[in-house]
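Peer 1: What follows is each chain in one-letter form.
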Amino acid sequence: MVEKHTSDIGFSEAPVRASEWRRFRRVFFERKLVTFGLVVLVLMVIAAAFAPLLTPYDPYELGDAGESLLQPGGEHLLGTDLLGRDTLSRLIYGARTALMVGFISVFISGFIGVPLGIIAGYFGGVINMVIMRAMDAIMCFPMLLLALLLAAVLREYDVISGIWVVIIALSIAIIPGYARVTHGVTLSIKENEYIMAQRAMGSSNMRVMFRHILPNAFPPLIVLVTMQLGALILAEAGLSFLGIGIDPPGAAWGAMVWDGYRYLANNTALWLSPGIAIALVVFAFNMVGDGLRDALDPRLRGLL
Amino acid sequence: MNPLKDEAILDVRDLKMYFPVTRGLLRRKVADVKAVDGVTFKIRRGETLGLVGESGCGKTTIGRCVLRLYQPTSGSIFFEGEELSSLSESKMRRIRCNMALIFQDPYSSLDPRQSAGSIVGEPLKVHNWVGSQSEYNDRVEQLFRLVGLDSSMTDRFPHEFSGGQRQRIGVARALACEPSLIVCDEPISALDVSIQAQIINLLEELQAGIKGLTYLFIAHDLSVVKHISDRVAVMYLGHIVEITKSRTLYENPLHPYTKSLLSAVPIADPFVEEKRERIILKGEVPTPLNPPSGCSFHPRCFMATPECSQAVPPLRDVGAGHQVACIRV
Numbered sequence: 003m004v005e006k007h008t009s010d011i012g013f014s015e016a017p018v019r020a021s022e023w024r025r026f027r028r029v030f031f032e033r034k035l036v037t038f039g040l041v042v043l044v045l046m047v048i049a050a051a052f053a054p055l056l057t058p059y060d061p062y063e064l065g066d067a068g069e070s071l072l073q074p075g076g077e078h079l080l081g082t083d084l085l086g087r088d089t090l091s092r093l094i095y096g097a098r099t100a101l102m103v104g105f106i107s108v109f110i111s112g113f114i115g116v117p118l119g120i121i122a123g124y125f126g127g128v129i130n131m132v133i134m135r136a137m138d139a140i141m142c143f144p145m146l147l148l149a150l151l152l153a154a155v156l157r158e159y160d161v162i163s164g165i166w167v168v169i170i171a172l173s174i175a176i177i178p179g180y181a182r183v184t185h186g187v188t189l190s191i192k193e194n195e196y197i198m199a200q201r202a203m204g205s206s207n208m209r210v211m212f213r214h215i216l217p218n219a220f221p222p223l224i225v226l227v228t229m230q231l232g233a234l235i236l237a238e239a240g241l242s243f244l245g246i247g248i249d250p251p252g253a254a255w256g257a258m259v260w261d262g263y264r265y266l267a268n269n270t271a272l273w274l275s276p277g278i279a280i281a282l283v284v285f286a287f288n289m290v291g292d293g294l295r296d297a298l299d300p301r302l303r304g305l306l
Numbered sequence: 143m144n145p146l147k148d149e150a151i152l153d154v155r156d157l158k159m160y161f162p163v164t165r166g167l168l169r170r171k172v173a174d175v176k177a178v179d180g181v182t183f184k185i186r187r188g189e190t191l192g193l194v195g196e197s198g199c200g201k202t203t204i205g206r207c208v209l210r211l212y213q214p215t216s217g218s219i220f221f222e223g224e225e226l227s228s229l230s231e232s233k234m235r236r237i238r239c240n241m242a243l244i245f246q247d248p249y250s251s252l253d254p255r256q257s258a259g260s261i262v263g264e265p266l267k268v269h270n271w272v273g274s275q276s277e278y279n280d281r282v283e284q285l286f287r288l289v290g291l292d293s294s295m296t297d298r299f300p301h302e303f304s305g306g307q308r309q310r311i312g313v314a315r316a317l318a319c320e321p322s323l324i325v326c327d328e329p330i331s332a333l334d335v336s337i338q339a340q341i342i343n344l345l346e347e348l349q350a351g352i353k354g355l356t357y358l359f360i361a362h363d364l365s366v367v368k369h370i371s372d373r374v375a376v377m378y379l380g381h382i383v384e385i386t387k388s389r390t391l392y393e394n395p396l397h398p399y400t401k402s403l404l405s406a407v408p409i410a411d412p413f414v415e416e417k418r419e420r421i422i423l424k425g426e427v428p429t430p431l432n433p434p435s436g437c438s439f440h441p442r443c444f445m446a447t448p449e450c451s452q453a454v455p456p457l458r459d460v461g462a463g464h465q466v467a468c469i470r471v
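Residue numbers (the numbering used here), protein chains in the order written: chain Y, 3 to 306; chain D, 143 to 471.
Just chain Y, same shape as in the assembly (with noise of 0.2 Å):
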């Protein structure tokens, strides 16, 4: 290999400098109900992270007697369940339930839909019809349904227990999601030229789907996660409600609104706090979706 000073080829062009982060800065902090949607979700991050230092009592803890059906104010801020539980610190709590199942289903289901997809979407051929069908079998059938079928499968055979059982179910129902967005993006991906670069450079299927397909396909899953993040809380909301979900006494939402709809005149706070912040938390997640997806788009670019 020869070394030589290059001055006469040199760089006369000027670096374009980057201004992506900028672009993403502006274009997601641009509406307002999107910052709101973030703030919501980090304050519930935070809640459900410190839940010991923040709640006023045990939410596990029975109320004395005469301390059952609280209404608001006073000493319990959002008053007492049937049991004398403190609604707020059991709501403080249900956000850690509904950020745990939330987090940890769309982790699970991730790390095995987006490899399926990628495989089916690269390979293309039988594996792809294959593992597409198999996908389009499962997407068949309603969400909650299924997860309902698949809960009380596991429930039954004792195979987990508790949460798991709903973070479990969850994931499988959701897997067709993260396949599909997978397959599509990397149906457009591998067409680009440096996906030919690496055949030619002989690097293995392996490497050019996770090390060159995948940081590629990374912007619309990340928008996928957000907003199944907000499907999936009041999923596991509704399972809870359906009473599938977490086991008493263990605190969610679902259950909440459960145990409070049947004082629904004269105990509005053992209903409506619940109901509330599962409304608010997939608003949330929904609008911070939403503006990871205009930010993000490429095809906006310009635009917005």
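Keep in mind that the hints were calculated from the coordinates and are not lab data.
A few of these clues could be false.
Subject to a maximum C-alpha distance of 20 Å in a straight line, what follows is the list of computed DMTMM-like cross-link-like pairs (lysine to aspartate or glutamate) [what the hints assert, rightly or not]:
| id | chain 1 | residue 1 | chain 2 | residue 2 |
| --- | --- | --- | --- | --- |
| 1 | Y | Lys-192 | D | Glu-231 |
| 2 | D | Lys-353 | D | Asp-334 |
| 3 | D | Lys-387 | D | Asp-411 |
| 4 | Y | Lys-192 | D | Glu-225 |
| 5 | D | Lys-387 | D | Glu-419 |
| 6 | D | Lys-158 | D | Asp-247 |
A few chain D residues facing chain Y, derived, Cβ under 10 Å [to be verified]:
| id | residue |
| --- | --- |
| 7 | Leu-209 |
| 8 | Arg-210 |
| 9 | Glu-231 |
| 10 | Phe-245 |
| 11 | Arg-255 |
| 12 | Val-268 |
| 13 | Val-272 |
| 14 | Gly-312 |
| 15 | Val-325 |
| 16 | Lys-387 |
Idealized CB from N, CA, C, for every residue including glycine.
Once you have looked at the hints, place chain D on chain Y.
Peer 2: Same frame as chain Y, now just chain D:
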């Protein structure tokens, strides 16, 4: 003279690449696109073979077949004495170290999520070309300097470079494992004219500096090809119609297609330009789905006779390594 000069590094014989056209649910094959239809040529070590022709004539397909990015329909490709078209992909991987590809589009040929340094260094990792991390870093920096980029730019990302700089990164990547053959697939067509010259000069300087570096230079710009190539092959609809030394081609084109191509090149001198005789071809390029019988150029040829539609004219020698596929010459 260099003794290596006479050895054919690449020997392509009767290469055919047909792409099937399928239709319907059962993917029934209804036709073939004959992208490359019986092409034979050799490149000697250290030489540059220019491959010219209009869009869709199969130049890029040849380049990709040579690198086994496409599995040829038939024919053989000998690279450094080894037959490539029947090798398994795992055996092929070892050979890929010695051949590289430079792309036309410097925007889509670099992974946007990879830093420039790791793009250039990737072949080194794929082929375990370096022993240690420090060797790797040294090699990447050396490659950056070699193509005229500042070695402090290694951790920048592709979008932070201009088009010409990105093409330099592509060149550095191609050079990483010291290949003996580089297929340049229209490496300058997507660049500004001033940058084109820089990249051409860079490629020439590299060839002068690296002993035995061979280019298969695919382009549609005749003047650029003339400048860089030792020999030029002219393609029309999947066939090579003329192949000769680049001087000879420009001074004494024999095939009617080459003549018409050269007559289309504008001349910078207005007086000469005024007198330039243009050969305007009639009609359009036929579809490779259903090429004309006999010489595929005969429907548009100004020298055609009825015999031209009878048989495909073979590439025959007319002296001094000048080969033409035309029965009228």
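Peer 1: If you test the structure against every hint from before, which numbers come out violated?
Peer 2: The structure breaks hints 2, 3, 4, 5, 6, 13 and 16; every other hint is satisfied.
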